[in-house]
Structures are given as C-alpha cells and as structure tokens.
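Put chain B on the given structure of chain A with help from the hints.
The listed protein sequences correspond, in order, to chains A and B.
Take the first sequence: its position 22, counted from the start at 1, is 22 in this note's numbering, and no numbers get skipped.
Take the second sequence: its position 51, counted from the start at 1, is 51 in this note's numbering, and no numbers get skipped.
To be clear, the hints were calculated from the coordinates, so they are not data collected in a lab.
It cannot be assumed that every hint is accurate.
[Said to hold, decoys possible] Distance windows between CB atoms, simulated:
| id | chain 1 | residue 1 | chain 2 | residue 2 | range |
| --- | --- | --- | --- | --- | --- |
| 1 | B | G63 | A | D105 | 25 to 31 Å |
| 2 | B | F23 | A | L82 | 22 to 28 Å |
| 3 | A | S107 | B | E142 | 39 to 45 Å |
| 4 | A | A108 | B | V138 | 42 to 48 Å |
| 5 | A | A108 | B | S145 | 33 to 39 Å |
[Said to hold, decoys possible] A partial selection of chain A residues facing chain B, derived with a Cβ cut-off under 8 Å:
| id | residue |
| --- | --- |
| 6 | I16 |
| 7 | R29 |
| 8 | Q73 |
| 9 | A85 |
| 10 | T111 |
These numbers were taken from a predicted model, which means no experiment stands behind them.
A virtual CB, placed ideally from N, CA and C, is assigned to each residue, including glycine.
As a plain string of letters, each chain reads:
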Amino acid sequence: MGGGITLYHFLVLSLIIFGLGMYCVLSRRNAIGILMGVELILNSANINYLAFDFYGGGGKAVTGAVTYHYDGQIFAIFVIMLAAAEAVIGLAVVLAIYQNFKTIDVSATETMSG
Amino acid sequence: MLQQIIFYALAALTVGSAAFTAFSRNIVHSTFALLGAFMGVVGIYVLLAADFVAMVQLLVYVGGILVVTIFAVMLTQGIADVTVSNREVGVIPALATSVIGVAVMLYAVIRTPWHQTPVPAAAPTTYAIGNAFLGDYVLPFEVASLVLLAALIGAIVISRHEAKE
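The shape of chain A in the complex, shown without the other chains (with noise of 0.2 Å):
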C-alpha cells in the first residue's frame, strides 16, 4: 500500500484496540460489559492477521508465478466465527445467571466463593 501507511500503523492501532478491551475486561462488574470487552480483543487479534497477512506471508513464489493463499484471512474468518459462538454461549449464561439473582453483577454472584 502506497501513502506512508506500514504494517507497523496496523500493530499499533490494534495494540491500542487490544489495551482498550483489556481495561474493559479487569474493569467491568457487568458481565455484559466484560463480554464487549472480549470482543475488541477479538478483533484486535483480527487485524493483527490481516495485516500480517497483507504484509507478510501472503506472497509464495511458486516458479515464477506468486500465488497468494491468504492463511492469514482464513484463520480470521475462524476467530469471527468462534468470537459468535462464544457472544452466543456467554450471553445465554448471563442470562441464566440473571434469572438465578436477578442481576448481572459479577461480584454479587459469589455463592460459591468459601
């Protein structure tokens, strides 16, 4: 890509997506909140293989012709996928929980805790 624009601009901006999602995570006591949080580090993972990808390994030099295989892409596409699994899984848990306490705060729900 022309314009100035390196692999290193699309580490950074997801390193500082990654830093967001993080804060989001340790921070929140609503168990939804901690799920978006795991969602932007979803896709901060997500830029990081395309990137690499566009960057990096794309390019094979097969006898004289590049072929492209785009194995960064490929894994991309399974992390959003297993990224829906999981908003899916972990939503209809908090839900369970919501009908057990009747609120989502994780640290209200310790009746586990010894």
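The following block gives chain B in isolation, referenced to the frame of chain A:
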C-alpha cells in the same frame, strides 16, 4: 495521501468508539458505541484488501453479535434507570495492568524487524478462500461446523426454563 487520511479517519472512529465502550458508565451507551468500533474495523479490513473477511465481519458482528448483545442488555437491565448501569471497580489496578501490558507489547512491536514481503495488488479473495476451505482447511472447516452446532445446542440448554414437575 488519500490512504493516509482514510486510515487515520478509520483508526480514529475505531479507537474513539472502543474507548467509549471501555469507559462509558452506561451499558446501553457502551453497546451502541461498540457498533462504531465494529464498523471502523470493517473499514480497516477493507484497507487491508480483505473484502470477504470484511463482509463476514459486517454480517456476523454487526448483524449477529451486536444484536444479540443489545437483546441481552435490554432483557437484563431496567431500561428506565439509565444511571450507573455499567459499574467499574478497581480502576487503578486495571488501568495500570493495561498500560504496562500495552507498553511492553509496543516495545516488542516497534523493535521487531518483521518479515515483510511486497504488498500484493488488491484482488478479489473469495475464490481463493473458498478453494482453501474445501482444500487445505477442510478438516478445521468441518470441526468449525461441529463447534457451531455445539454452541447452538448449548445456548438452548443453558437458557431455557426447566419444567418443574
């Protein structure tokens, strides 16, 4: 130059929305800010010549995960009281952990001489991805369908009411 402007605009949209999601004290505002973050990431994917992944992100994240998240927020939170619905505790340790972690990784990212190849010309990727899914990646592809089936059944089992006898 144009690509720089587009990149920084998308980065600002993504980071701004993600920051709003992380710092807002209202869970409903957080959820809607997540929309901006996902849309910004879609733009970043397009900038990285990943057209198919961008559309998958749009369908799955914006059309699926975000809608389910909004449903969960609406079902568990009294919408009438939109005061402090997204409590945060331990702000200082969380902030310190995040900043230290990001600083260490930033150092690693900046100092590493990454292996880089010449940038490919942007071309449609769907054909190659479809071939890869039914070629080299056919086993992970089938396992993924099993995972999705398990998630579907698990979500139903967890969230349904058990009939009391």
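Inset, instruction - List in ascending order the numbers of the hints, as given earlier, that are violated by the structure. - result: 10
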